[in-house]
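6 protein chains.
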Amino acid sequence: MRVVTFGELLLRLAPEGHLRFLQEPRLEATFGGGEANVGVSLAEFGAQSVYVTRLPENDIAQAAINQLRSFGVDTTKIARGGDRMGIYFLEKGAAQRPSKVIYDRAHSAIAQAKPGTFDWDAILDGADWFHFSGITPALSDDAAQITREALAAARAHGVRVSCDINYRANLWSREKAGAVMRPMMEYVDLFIGGAEDAEQELGITPPASEVLEDGLTHAGYESVAQQLIDTYGFQAVACTLRESISASDNNWGAMLYTGNQAYYSRKYAIHIVDRVGGGDSFSAGLIYALLDGRQPQDAVEFAVAAGVLKHSIEGDYNRITVQEAERLVRTGGNGRVSR
Amino acid sequence: MRVVTFGELLLRLAPEGHLRFLQEPRLEATFGGGEANVGVSLAEFGAQSVYVTRLPENDIAQAAINQLRSFGVDTTKIARGGDRMGIYFLEKGAAQRPSKVIYDRAHSAIAQAKPGTFDWDAILDGADWFHFSGITPALSDDAAQITREALAAARAHGVRVSCDINYRANLWSREKAGAVMRPMMEYVDLFIGGAEDAEQELGITPPASEVLEDGLTHAGYESVAQQLIDTYGFQAVACTLRESISASDNNWGAMLYTGNQAYYSRKYAIHIVDRVGGGDSFSAGLIYALLDGRQPQDAVEFAVAAGVLKHSIEGDYNRITVQEAERLVRTGGNGRVSR
Amino acid sequence: MRVVTFGELLLRLAPEGHLRFLQEPRLEATFGGGEANVGVSLAEFGAQSVYVTRLPENDIAQAAINQLRSFGVDTTKIARGGDRMGIYFLEKGAAQRPSKVIYDRAHSAIAQAKPGTFDWDAILDGADWFHFSGITPALSDDAAQITREALAAARAHGVRVSCDINYRANLWSREKAGAVMRPMMEYVDLFIGGAEDAEQELGITPPASEVLEDGLTHAGYESVAQQLIDTYGFQAVACTLRESISASDNNWGAMLYTGNQAYYSRKYAIHIVDRVGGGDSFSAGLIYALLDGRQPQDAVEFAVAAGVLKHSIEGDYNRITVQEAERLVRTGGNGRVSR
Amino acid sequence: MRVVTFGELLLRLAPEGHLRFLQEPRLEATFGGGEANVGVSLAEFGAQSVYVTRLPENDIAQAAINQLRSFGVDTTKIARGGDRMGIYFLEKGAAQRPSKVIYDRAHSAIAQAKPGTFDWDAILDGADWFHFSGITPALSDDAAQITREALAAARAHGVRVSCDINYRANLWSREKAGAVMRPMMEYVDLFIGGAEDAEQELGITPPASEVLEDGLTHAGYESVAQQLIDTYGFQAVACTLRESISASDNNWGAMLYTGNQAYYSRKYAIHIVDRVGGGDSFSAGLIYALLDGRQPQDAVEFAVAAGVLKHSIEGDYNRITVQEAERLVRTGGNGRVSR
Amino acid sequence: MRVVTFGELLLRLAPEGHLRFLQEPRLEATFGGGEANVGVSLAEFGAQSVYVTRLPENDIAQAAINQLRSFGVDTTKIARGGDRMGIYFLEKGAAQRPSKVIYDRAHSAIAQAKPGTFDWDAILDGADWFHFSGITPALSDDAAQITREALAAARAHGVRVSCDINYRANLWSREKAGAVMRPMMEYVDLFIGGAEDAEQELGITPPASEVLEDGLTHAGYESVAQQLIDTYGFQAVACTLRESISASDNNWGAMLYTGNQAYYSRKYAIHIVDRVGGGDSFSAGLIYALLDGRQPQDAVEFAVAAGVLKHSIEGDYNRITVQEAERLVRTGGNGRVSR
Amino acid sequence: MRVVTFGELLLRLAPEGHLRFLQEPRLEATFGGGEANVGVSLAEFGAQSVYVTRLPENDIAQAAINQLRSFGVDTTKIARGGDRMGIYFLEKGAAQRPSKVIYDRAHSAIAQAKPGTFDWDAILDGADWFHFSGITPALSDDAAQITREALAAARAHGVRVSCDINYRANLWSREKAGAVMRPMMEYVDLFIGGAEDAEQELGITPPASEVLEDGLTHAGYESVAQQLIDTYGFQAVACTLRESISASDNNWGAMLYTGNQAYYSRKYAIHIVDRVGGGDSFSAGLIYALLDGRQPQDAVEFAVAAGVLKHSIEGDYNRITVQEAERLVRTGGNGRVSR
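Protein sequences, first through last, are from chains F, R, A, L, W and G. Quick note on numbering: the working numbering labels position 144 of the first sequence as 144, and the sequence is numbered without any gaps. One rule links them: number in the working numbering = place in the second sequence (from 1) + 339. One rule links them: number in the working numbering = place in the third sequence (from 1) + 678. One rule links them: number in the working numbering = place in the fourth sequence (from 1) + 1017. One rule links them: number in the working numbering = place in the fifth sequence (from 1) + 1356. One rule links them: number in the working numbering = place in the sixth sequence (from 1) + 1695.
I should point out that these hints are in silico values taken from the structure, not numbers from a laboratory. Virtual Cβ for every residue (Gly too), placed ideally from N, Cα, C. Just to be clear, a hint being listed does not mean it is correct.
Pair ranges (Cβ atoms, derived) [what the hints assert, rightly or not]:
id, chain 1, residue 1, chain 2, residue 2, range
1, G, Asn1865, A, Ala784, 23 to 33 Å
2, F, Gly81, W, Thr1677, 24 to 34 Å
3, L, Glu1230, W, Glu1552, 36 to 46 Å
4, R, Asp464, L, Lys1131, 36 to 46 Å
5, L, Ala1096, F, Gln226, 30 to 40 Å
6, W, Glu1413, F, Asp119, 32 to 42 Å
7, A, Val1015, R, Asp460, 47 to 57 Å
8, A, Gln1001, R, Gly598, 54 to 64 Å
9, G, Ala1903, L, Ala1236, 39 to 49 Å
10, W, Glu1552, A, Glu853, 24 to 34 Å
11, G, Gly1954, A, Thr999, 34 to 44 Å
12, F, Asp298, A, Glu853, 34 to 44 Å
Could you put the whole structure together from the sequences, leaning on the hints where they help?
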């Protein structure tokens, strides 16, 4: 199984433990980014995982690539050039104090990449799946154009496509997002995104009767999913269902909707170590399970288990195996020691 | 808004994480002390915060001052001299193991300060508020006398006064505490303290019928507050209401009583990172909100939110802004990431 | 009170915090092993604690001995020789991710020890208690034979004997375990072990009607204990009762059964810092309380409190005093600060 | 003595010890920048030190300001705005491996500042000295224009001016540097810079006969200094004289030239802890000594001692007192313990 | 250029800085081993580097493989199986205290590998060079036999062969080493080893007149090299020349001898960060330079520069590029900052 | 060989590496004190080492005792009581920046001990040697009196006595020191101290002709030693000879003078890791060697080698064996790896 992911890779700088920004003069320096997170998960699951981005020629970016290689991700399609890689500063919340993110990603190598930078025919030839997110087209007009090049090539090579819509208000307006993303939706087979994203970027509104204070009813989610399928022709729609109790505790599950049929996963009560990348781990789990030919209920359970485990792991990347996710599906997570 | 706080600043030495004392040969070295904690909070809230103490002429004390300056606290009124600064060793508890404190504060520069050390007229001229605690007069007879000097000057300059009564049995006896503290109460506008302190130092007893196994009923707290107002002429009485489930989990709220009227805050379930300084953060929040002219209910909600957030932050000092406390009042702390 | 414990001491290598194995290039290097853990607890409780093992002549083993000495454990009976000490790698779980152990203990000095290595008559002369576990005889045939030598000497010197049965499937088969362990049972006064161990090594089966999905009913545990007493002549049987909610949260208590009478401790909800050694701390608490002449109910409460506190402490060793365990029995663990 | 410094403040990210970039996932996060380094030194020496820059409104920049405040630097003139603060990554060399710097400073708040941002009349009113470097005008045309505004105001207010020329080839070309910097030289009283900088930016060439393989002869340095004075009207020229033996060991001294007279300091053999900021510490020492009215020989000795001590201190900032520098001048650095 | 290296990979556990073993409970956990070190260097130099070994199926070994992948080393030929990977404990010396190594490598997966484990024809097909050391045949008779299989395949495929003789007295006797290693010498093109190794394993003795107290004269080294060539038919002999002044300071250079002609490198005075792997870095540099077609003098200078830089880098692996080594050859290591 | 040492044990708090005080909020917390340092060294050498002091009943003091036990020091004679243990803050120097010590030792348990606290007859019965320093009598009049009690008992039991004179100007005046120390000298067999101490406390002056800028000539040291022997009746006088080049580099050796005969050790050039405790390690080495019956030249070489090795070890305590010191005597410290 060969999966190509495309997006921006950022240097992540976070204080240790629950310290506030620069409370002590030490930062944990790791890497991450939605599509890279998906790519690493897939490599850990044993897939051939090809990650595509653009990074400058310096030691920081090289370290990012080296770490991807350590997971077995194919980094040979990464273009080198540009002035800098994006950075994000992360302060992990605790109890009633929320996590905090400061982005310093403008002018990054991938945002400055020009159309034609990547030979998508060569990259996607032989691939089974292509995954991207709504963040990449938001980086710059050129990045959006490169995404369109990738989607056209995916279609030409018969590659299935997933999109994690992921609206980021600090990158573009709702209007621009809609204008750019809607035409891309025709290429997408698996749509991943919450009701809020669907509304803000794709103009789908849930029935007012199904709107709760902090989310939608099941019927509301299903209505949104069905509308997405009706409007954009997706084969399936998936969304994670997070109940945020505090920065330390969340409930988490997901729905996979295949048209007229909704599959809900078990819901887990999670004591959070690091929630960044939880959604990406879910996406990776879903892509893996679907490519592996699993049934929808099994697929969503596997994907949620993968995402749940991510919350117990430091850093953006989900360092788990297929066996570990399956064990969680089986046991429900009672926490016995593995000897 | 200009607030003066006066008290002892200690070097705090704590093992990392949940280690026991010297389980590993590394100590986190920070600073704190009730009134300094209040002063730092106020500076973070944007107030002109003047902290008064006495510290020796050495690099450790200088580092303590430098850190206060980093928060924007005015340290120009700090007297230098004496042999040492007080130290406290803190071992943070977890689960069923309580936190543990070892004090090594005898013979400190402030305990050895002589009356007349501080020019209180100059210090309090133009100030809006003066805050002290029951710990300072307990340090030495001279420290008590200096406190009396400050209170007299506060009255002379029309400065409002708050006192966090904070009885410490390891510093003095109940009898001595009562003899020293009661005459100071006439200067106090806002009294902050629990029912236990009120009983031990000020001779106020709750109605027996309102005494529960682990605290008082609401009516009991209100009775104590009303008695305090009746006896000592306070304008308001505030106390935090902590339910200690374990060293890791507490429920926490507060009451502000303004004479015949009790205002109770929301109660928060807190997963604790570091509880030291929680009460001081509450005091600072209350002083800020009252000086800012907020209504009693708003004031106690703001103060409790500030105190709740402190529990998620390492060290004595509360590193939060007015906006962060207000956001918690607004959201109730659902833990969503701030991007 | 003089207690001798005998077993293997391992170097424990664990990533910091909740990191996965070698996610960062740093390992916490401490020491532990069931019987050493019991011995350290007993020394901390003020007992004369003699620990017997065999360790190679190198700096790593010497550091292990030095740490035992730091607790006041008598290490003068430890034999030196062999090529290596056993190692175990520990990854601490969190939330739904279980802890993970990798053993690298084969060919250790104690596994290669020859019968006659220890002068058990000299070691046990004057001792009040001898404690061993089912792990030691599993290490090698010679180790089993040495254990038999110890048991014979214990009987000769009138020393009471406890055994923590602790079946480890990665060390030997159920059949071999049964063949080796059963004859040793006649020497045992206090048997410590779960129903599963009793079944796998000693052929005791609970009534089918008392088997629950995740354990037994109280009646089931009592039936197993009574059968053990009937079959092997133990004076008492103890087992801890763990309900594993997740890797972060467990409920925990214990039963002490003295023949026809079961004593159940309070059950604690534990937020886990480090669960390794919890059972050993219980064993140590029980031995201490029984040697101290406490009544069964008091003994099991003390032992469970000791074990509960262990879960809040990093490392295998339980760094608590008798007073701390007794305080927990008294207060139930409300987490107030000890000043 | 009131000194104003103006320039860019950067976040400095460096691996611990002698590790290469991201060899371990931890970075020391401190702050620095030539003019801030000078400002911090001056504050440590007891001067009124005002630092002027522009920084964004985020927690990272606020931490930078807080640290300046901790040293007693006046930060009230710092403008807030823009998108980011500059970053530099530093890898400290050792033995034959040189230190390595990666800049990520483009698009910083100060580079994007507009003329008129700072009220130089207010800032420089009452000041005794203004210090800038050749790096600031290189950041952007606007930054150059702001520098010109500052210089005009300095002249108007009779403020003495020093410039550390510091040519950086990665910021601008030699031609542009010359065109921008030369007109600024007329405002400068104390010029600090090496012969290479003087040649590249200011067109001064040493006599060919005085050029050595790795620097100039004393006569060569003096010739350059005299030419600079003749051409630009400086009152004095200073340059540090570094002999780089390896990344671990340097010899270091300086010359102060006052027109026809050269003053050479003692030369020190330095075992390097952190060499970044050594030159800035020299500049600060020189400014301090000259404002303090010391004679040229004393001034250069003091300045070099300050710079030498910087090499023993981690981070950009020189954490030393006047007394420590003077003690080094007196003793020559024999390393006896100060008790 | 495609190079295959074969040997044992060990987990390296070292206290931080200059601490003695377990002085603090923290160990730096990295990986290394002579041939892996050579392989990593070659990958860093841009070669196709294939590393062959056998490692168990556990997370520790997987982490070792992942790190090799991060450097771009081809790990697809590594066999999985066996019970454990070897460990070595390293305490870094300082001043007059020497470094100390404790090996715990017996029973490792590679020592227990059986002949036929590796398909050497497939592995060496298309390779340009094969490198092994005298340590691997010393691990076990089977490991020696596997080495012989590799050498035969290398000859069959026309692959050039280098051997770093590296006699280890703790692994085998001088007699056994000679018996095993001598027949392997006929396959070797480039022999790397000191005079002592040559004497102990290969029976070559220097002329008595050329023996100094701490090594040989140049004529002595040349005599040994010529004898080696005469006896075993090597095309070239290389040896590093280390003068150990203390654990902190060494002088270091090398000789490459091509038959009748000796090429000596520059000698460097090194202030040591970590000397482990210095010789391996030299070997890698030499292999690279020779495969790159460089002349003997250039080759030995490049190889020594690579080895010198290794001494400034923590860990076994040499994290440098071709450009960095060449820069050192060019500059001699004056330690200027690279910006 | 049984040796008793008596003095104050302090908590030592030091920033990591070469950081200045509280540059980062982390302190290394270890223990030390002249006589404890001697006692630990002797225990490491295999002697029965009994350390006598007074420490409070708290967890910090208990940790200090536990660490002594880890080395095998007999701590059963330590009295418990008092309010605090002394603290010293240590900042390690580098290059031209000297190390810095801040003492916070007043009011310590040992300074407040009363005469009669220790049963010296029981403690010294069977001892071979008693060691004290001039610091202990300086702590308080009672501490001086306790020292006199010890000396009287030593004489009564025929125990040999050594004194490290160690004048500390911050503890007492030269006059008081002389008045207290001189009468104690009659009990001393081995006097350890520099010429400066001898002059300040004991009134011995070197011939003016033998005074150099930074010490004395050999003849000068010998003259002082002979005068000491003549005046006080010592059997031997020893002093270390330190040449302080910088905080990073010292030359170090020693003289042992036995009356008319001076024995000088080899002089070592030391690159310093941590110099605190170097003199104590020398004292311990000398006591060990003399008790072991070694000749003066061998004894001083052994003692100096022990002290030299200390300079390479973090912390006050010298973690070396007899074999390691002897190896250094043999090899001169060429720094080869011990495998």
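Hints and how they fare:
Between asparagine 1865(G) and alanine 784(A), the C-beta spacing of about 58 Å breaks the proposed range 23 to 33 Å. In this structure, glycine 81(F) and threonine 1677(W) break the distance hint of 24 to 34 Å, their C-beta atoms being roughly 19 Å apart. In this structure, glutamate 1230(L) and glutamate 1552(W) meet the distance hint of 36 to 46 Å, their C-beta atoms being roughly 39 Å apart. At about 41 Å, the beta-carbon gap between aspartate 464(R) and lysine 1131(L) stays in the expected band of 36 to 46 Å.
At about 53 Å, the CB distance of alanine 1096(L) to glutamine 226(F) disagrees with the hint of 30 to 40 Å. Separation of glutamate 1413(W) from aspartate 119(F) is about 38 Å and conforms to the stated range, judged on CB atoms against 32 to 42 Å. The hinted range of 47 to 57 Å is not satisfied by valine 1015(A) and aspartate 460(R), whose Cβ atoms lie roughly 38 Å apart. For glutamine 1001(A) paired with glycine 598(R), a C-beta distance near 45 Å fails the hint of 54 to 64 Å.
Separated by about 45 Å at the C-beta atoms, alanine 1903(G) and alanine 1236(L) satisfy the suggested range of 39 to 49 Å. For glutamate 1552(W) and glutamate 853(A), the Cβ-Cβ distance of about 54 Å falls outside the hinted range of 24 to 34 Å, so the restraint is violated. Checked against the given bound of 34 to 44 Å, the beta carbons of glycine 1954(G) and threonine 999(A), roughly 54 Å apart, lie outside it. The hint said 34 to 44 Å for the Cβ distance between aspartate 298(F) and glutamate 853(A), and at roughly 38 Å that hint holds.
Of the numbered hints stated above, those contradicted by the structure are hints 1, 2, 5, 7, 8, 10, 11, listed in ascending order.
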